[in-house]
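Asks: Using the sequences and the hints given, assemble the complete structure.
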Amino acid sequence: MIKALIAKLFSYFSLPHILVGFVWVVFKFAVIAAIMVVVVLMLVLMERRVLAVLTIRKGPNRVGPNGLLQTIADAIKLLFKEDIVPTGADRVLFTLAPVLFFAPVLVVYGLIPFAEGRAGIDSSCSLLLLLAVSSVGILGLVSAGWASNNKYSMLGSMRSVAQGISYELPLVIAALGVVLLSGSMSLNEIVLAQKNILDWYILPSGIGFFIFLTCTLAELNRCPFDLPEAESELVGGYNTEYSGMKFALFFLAEYALLFAYSAVIATLFFGGYTSPFGVYAMGFIPYLKKIVFVEQFFWLMLKTFVIVYLIMWIRATLPRLRADQLMSFSWKFLLPLSFLNLILLALLKYYLG
Amino acid sequence: MVIEELKLNIGPQHPSTHGVLRLVADLDGEYIKDIEAKIGYLHRGMEKLAESRNYQQYLPIVDRIDYLSGFFNAASFCYAVEALADIKVPKRAEYIRFITMELNRISSHLFWLGTFMLDLGATSPLFYTLREREVIVKLFEDLTGQRLMYNYYCFGGVKRDLPNGWLTRVREFCEDFPSKIDEYEKLITENPIFLERTKGVGVLSKEKALDFGITGPNLRASGVRFDVRKNLPYGIYREFNFDVPVLNDGDCYARYQIRLLEMRESIKLIQRAIARIPGGASEKLHIKRTNCGCNKPECPFCGEDTQIYLKKINPIGLRIPSNEVNIWVESSRGLSGCYVKSNGTNSADRVKWRTPSFSATQVLPELCKGGLYADVIAILGSLDIVLPEVDR
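Chains as they are written, first to last, in this note's numbering: chain C, 1 to 353; chain F, 1 to 392.
In case anyone wonders, no lab produced these hints; they're calculated from the structure. No false leads were mixed into what you were given.
When the alpha-carbon atoms are kept at most 20 angstroms apart in a straight line, the in silico SDA-like pairs for lysine to any residue are as follows:
hint: 1; chain 1: F; residue 1: K268; chain 2: F; residue 2: P278
hint: 2; chain 1: C; residue 1: K195; chain 2: C; residue 2: V294
hint: 3; chain 1: C; residue 1: K151; chain 2: F; residue 2: I32
hint: 4; chain 1: F; residue 1: K180; chain 2: C; residue 2: V53
hint: 5; chain 1: C; residue 1: K151; chain 2: F; residue 2: K33
Here are some chain C residues pointing at chain F (derived, C-beta under 8 angstroms):
hint: 6; residue: L54
hint: 7; residue: T317
hint: 8; residue: D324
This structure is a prediction, so every number in the text was calculated from the model and none was measured. Glycine included, every Cβ here is placed at the ideal spot set by N, Cα and C.
Replies: Written out as structure tokens, the structure is:
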């Protein structure tokens, strides 16, 4: 519909029709970026309010109605802050690092199907692409830590590399279990294979969900795996030296990634945008039938925010692991468990269906 | 290829050095090769200040030596001066001191628990412990007018009587508090990550603890049954029969458990003290007369002129005969000692403080060597170091 509109506009202004394809992609990603920014603004506020509730505080409630504009105020504050580059820092890498961290997140957003047929990039191997792209972000952390010329930052980035590599494996193998069950690497098809609450892949692949969630926490550098930015040990970790908009970019990417990974969990294990009841309420109403994607979007958001809440809850409860315990937990426990999960699922698939 | 060790300055401005401690660490990757504690960033000359002030003027300052448990410092200085001047403290004042000190021990341990968990990366326990600490601090505020630096004890007693309903509120708190400790235990004690981080980490052996002069909960977590309240009782502690919890592991986990046990024990002590506290008019809270022992009317210390019938002992009149005394008090961090040498005038010749955090800081490198960087933070947190007490 919108694509046709763009094509019409192009022919009206007699622009070359070949550009429509490019503009369409840019348009889709502009919408995705808009969703992302709005989501992050909500998420930061949500995190602060949720943590406040869990730790018997009130949280931000002064800016705007009931504190709703707090994040916007924070963003404006960060925009106006001085952009400091420490002496001895590698200026190019220092500036590039937040971008390197941020860019893959946008691609990850493009791969998530927000409603039926409504993903930025609808690829037949989108899950593989998603896993590959999301691990590029670690490069940003490494270069941030190295370029800052700060010992704490370097320790933080060293930790993030070790963590990123060792938790990538169980994550991928846990996701492989879902691929095995659905027989497809396309996120859209994985969603369509679980149209009912009984078809959700959490039921056969509960262990897989546990592994995926744990590794997600590690990939997101969130509690109890927040070692790269452990503020009581490394002051601020890799972003110690960052200020102003560069810091904001790290911050934005972190929360955007939190939402993206939660959406991926919802997609892989909880049926993504499909309704848990198998039918859509809007499907019954003749006029609303056409915009059933709104309801699909709602279901995805609901599932995602439940998982986001779970992750926030974990943050409020658990202390932080130590670096060596983190490693041994991944290599000695999660990795064998993920293989076991894969074998179990293969047997299940072979004998039952 | 040359492999260099990373020299890392932890502090004096660092989120988890609990003040202004500076640790210089040699790191090999994440492993600690060597670590050195540099102290002195908070030196205020507490001992020298005593020489240029008279006893009354010095008394409000001593609360600042350990800001989390101000009552203990005031108590050890008061007991020292009282011993020198031969002042007997009324029973009710002793009971009030007893109750406030035990409450202060709980509030200090609560703050320790919160910050220790914060060092380990758990943010929530801090808010829960501060919720309970707030109740105690509010009690102190109503009693003394201050939340942190109480300045409530005076030579020969306490400055004013308990406000109306204060003891009832303390009693309510004591009934309520054990369930709150259970709440912390539910959140922390069985947590596998917490166990991983603390069990077997920073083991302080019995011998090393004794060699370094470690006292208080840290020593009792290493298996030495030594508590000044029990072994060398002061005040009215000898009238109470209570348990001194001792654990043998000497690691961070034992140091955590021992403090929880101590809080439970303190609650029982407070409850018993409230049941026994003698009544009486508020005038009975202070001794109004200092005594050098001669009791002659023309004596400048014992004569009629220096008998004050109001709240305080006259600062000019309080001339303590030349003598010296060393008083030990079991503070929330361990043995807090105060040595006072008087010279017959109204100010001391020398005041020396012996503080438990100082010893704990010295043993820190021994515990950290060979461990991981994250363990340094855990050990530092578990030792319960308060920096103003180290530097005085």
